[in-house]
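> Those protein sequence lines, which keep their order, are chains A and B. Position one of the first sequence corresponds to residue 1 (the working numbering), numbered consecutively onward. Position one of the second sequence corresponds to residue 1 (the working numbering), numbered consecutively onward.
No wet-lab data here; the hints were simulated from the structure. Certain hints may be false.
Computed list of chain B residues with no C-beta within reach of chain A, every gap over 12 Å [claimed, not checked]:
hint : residue
1    : E21
2    : I38
3    : K102
4    : R177
5    : Q296
To give an idea of the chain A side of the interface with chain B (calculated C-beta under 8 Å), a few residues [to be verified]:
hint : residue
6    : N72
7    : L76
8    : F80
9    : Q82
10   : F106
11   : E109
12   : T156
13   : I161
14   : V175
C-beta atoms are modelled at their ideal positions from N, C-alpha and C, and glycine is treated no differently.
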Amino acid sequence: MQNRIDQLFEKKNKNILSVYFTAGFPGLDNTVKIICELQDNGVDLIEIGMPFSDPTADGPTLQYSNNIALKNGMSLRVLFKQLEDIREKVNIPLILMGYTNPVIQFGVEAFCTKCKETGIDGIILPDLPLEEYKQNYSELFNNYDLYNILLVSPNTRPERIVQIDSASKGFIYIVSSASTTGAGKKSEDFSIDYFQRLQGMRLKNPGLIGFGISDRATFENACNYAQGAIVGSAFIDALKQDSDFTGSIKKFVNKIRGMS
Amino acid sequence: MNYHVNEKGYYGSFGGAWIPEMMFPNIDELRRRYIEIIESDAFRSEFENLLKDYAGRPSPLYYAARLSEHYSTRIYLKREDLNHTGSHKINNTIGQILLAEKLGKTRIIAETGAGQHGVATATVCALKGIKCVIYMGALDVSRQAPNVKKMKMLGAEVIPVYSGNQTLKDATNEAMRDWICHPDDTHYIIGSVVGPHPYPDMVARFQSVISKEMKLQLQEKTGNPNPTRIIACVGGGSNAAGAFYHYLENEEVELIGVEAAGKGIDSGETAATLLVGSPGVLHGSRTVLMQNEDGQVTEPYSVSAGLDYPGIGPLHAFLYERGRAKYISATDDEVMKAALLLTKKEGIIPALESAHALAALEKIEAGADDINVINLSGSGNKDMETYLKYFGF
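Using the sequences and the hints given, assemble the complete structure.
Rendered as C-alpha cells:
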C-alpha cells in the first residue's frame, strides 16, 4: 500500500492542515477521541506527540503538555496499545512526533514494527538530525516504510536543504523562524524571504510550515508559501481551556480554516 | 588505545551531535572551526596569558602531609580551588570566550548548577564586555545564593528555571532553547564535557591544562611525571577530563572518577549516572543517562549542586565501558566527613563536589609509596551554608 502521506499530497497540494497534540494530554485516555474528532472536522494529517521529559525544542505550552502527559502515565507502550485499532476508524495519515531517547529505549526496530502494525505513516524526531539518521536509522525506517520527516530552519544552508530533501520522504517540516514551538508569532514576523527561497529551490518533497502557526492569519499566510501548515501549541491551549473538548476541537479547526 | 574523539564526534559509540536542525548551523560552525582556532598561535598565546595572569595558573600541586599521614600514603592536591573564581571552571570559560570573540558572537549564554560555571562565565563576560545570560534551576538559585549574587554583581542576567526538578538538567534545557531562539549573535558556553560534538572534546582540551601542569609538577616534586593514580569527582565530568587528559594513553596511571551517590546508589536519590544509568540520548549526545524503562530521564539527587546531573560526558561513558577509568561513588554523608577531614588536617575547605574525590581515599587500597593526586576542583566558599547546617557549627 502506498504511504498515506504520499496519498494525501497526491490528491491535495495546498491548504493542508496538520494538527499536533500530545498523547496523554489532557487525559491519559483522550488519544483516540482527539484523533477521531480532528479527522471528522477535516484535518488532513495528525501528529501524535510522544511525550518526553526534556523537550528541548519546545516552548512552555508543549513543555506543559508533555509534563502532564507523563504524569498521567503516557508511554510508548501505552500509546501503541491505545492506537491498536485506530485504522478501523481513521484513514488520514498519522505521524508520531517526539524525541529520540524514548524510541531508542523502546527499541528502534520494535518501534518500527509497532508503527507498521498500527498504521503509523511517519515520524518526526527533532533531535535526530540528518547525519545521525543516515548513519543509524535510514535503512531500518525504509524497511518498514516509515517516513522520517526532517526539519529545515531559516539558518539551514541551501546545500544542506538539498541533502535534507534528498534524504526525506513524505514532506519537509519547515520551521517558520528561529524559535522553539509555540512562539506566538504574528504572520508579519515570518521570514518571507526564506519561504520564497525554499519555493524557488523546487524541492522534490512538499513542505509544511510549523512553529508559531496559531490562528487563521498565520495559517493562511503560511499556506501561501508551502503546501500547508502545522498547528501545535495553539491547539494544546484550546484543549486546556475546555474539558468537553469535542466542541472545542470543532471550534478550533473551523477558526483556523476560517469557517467560523 | 586511542581514547580521543573520532572525526565523526564519537568516543566509541558515545557522543555525536543529536541536535535539532535549528542548532545545526552553530554546532557545525564550531565543529569545522574549533581546532583551527584553538590551535592557532594567536589564540594559544592569548589563552595562556589569561590563564597565567588572570586566572592565576599554574595552580599549585600541594603535598598534603597530614592527610597523607592519616591515610598512610602520599597525597597531592591539584589546587584548582585557588584559581580565580574558585574552581577549574575558569579554564574552560576563558577558552570559550576567546573562541566566541573569534566567531564574532556578541551575546553569551550558559547553564549552571552550583553556580561555579555561571560565575566563571559571568567573569569572562565582564572581562570582555560581552552580554551574559545565565540559566540556573530555581532550586539551585536558592541553595547557591552567594554565587547568584556574584553573577549579578558581575553584570550577568540570572534566569531561574522552574521546569522539572529545577536543577542543572533543566537549566541546560532552557539554555538550549535560548540558543535555538538566538542563533545569530549568541554563543553557548557549555560548562562541562557534555552536549553535542564538538563540546565534549573542546571543553576537555581547555581543561587539559590541569594534567599538563600536573605532569611537570610531579616530575619536579617526585622525579616522575606519572602518579600511581588520579582521583577526580564526576558530574558532567569536566574537571576529571582535564585531570585525566594527558594520561589517557598512559595505562600505567590509574584513573578514578567519583560520582555522587547522594543518599546511596540504591536509594532512588542519587546522581551516580554510570553506576545506575544506561545508554541513551540527552542534550545532544549519546551517552549514559539516568532514565526509566520508557526512556524518560529521571531526576538526580546530590547534596552537591554541581554533580546533580542525570547524564555524563561521552568520554567518561567510553572510559567506563573500556575499563580505562574506574568509577566509584560517595554518599552525601561520606562526602561531608571527607570535607571536614581535609579542613581539619590541611586547613582547606573544599567544594562539596571536590569532597567526593577526597571521599574516595576511604575506599581505595593505596600503598605507602603510592602517589595519589586528588583534583581539588573547587573551593568550599560557596558551600558554607550547607556545611554549617550539616555540622551545626
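> Would you mind marking each hint as holding or not holding in the structure?
Hint check:
Chain A draws B:E21 into its interface by the beta-carbon criterion, the shortest separation being 4 Å against a cut-off of 12 Å. Residue placement check: B:I38 keeps its beta carbon more than 12 Å from all beta carbons of chain A (closest about 23 Å). The Cβ of B:K102 sits about 19 Å from the closest Cβ of chain A, beyond the 12 Å cut-off, so the non-interface label holds. Look at B:R177: its CB is around 5 Å from the nearest CB on chain A, not clear of 12 Å, so calling it non-interface is violated.
The claim that B:Q296 lies off the interface is violated: its Cβ sits roughly 4 Å from the closest Cβ of chain A, which falls inside the 12 Å cut-off. The restraint placing A:N72 at the interface with chain B is violated, with a minimum CB-CB distance near 13 Å, outside the 8 Å limit. Taking 8 Å as the C-beta contact cut-off toward chain B, the hint placing A:L76 at the interface holds, the least distance being around 7 Å. Hint status for A:F80 relative to chain B: violated, with the closest Cβ pair at about 12 Å, above 8 Å.
Restraint check, A:Q82 versus chain B: the minimum CB separation of about 15 Å is more than 8 Å; hint violated. Interface restraint check for A:F106: the shortest CB-CB distance to chain B comes to about 7 Å, inside 8 Å, so the restraint holds. Interface restraint check: A:E109 against chain B, minimum CB-CB distance 15 Å, threshold 8 Å, status violated. Taking 8 Å as the C-beta contact cut-off toward chain B, the hint placing A:T156 at the interface holds, the least distance being around 6 Å.
With a cut of 8 Å, the hint placing A:I161 at the interface with chain B is violated, because the nearest CB-to-CB distance is about 10 Å. A hinted interface residue such as A:V175 counts as satisfied when its beta carbon comes closer than 8 Å to some beta carbon of chain B; here the least separation is about 6 Å, so the hint holds.
The structure fails hints 1, 4, 5, 6, 8, 9, 11, 13 (numbered hints given earlier, in ascending order).
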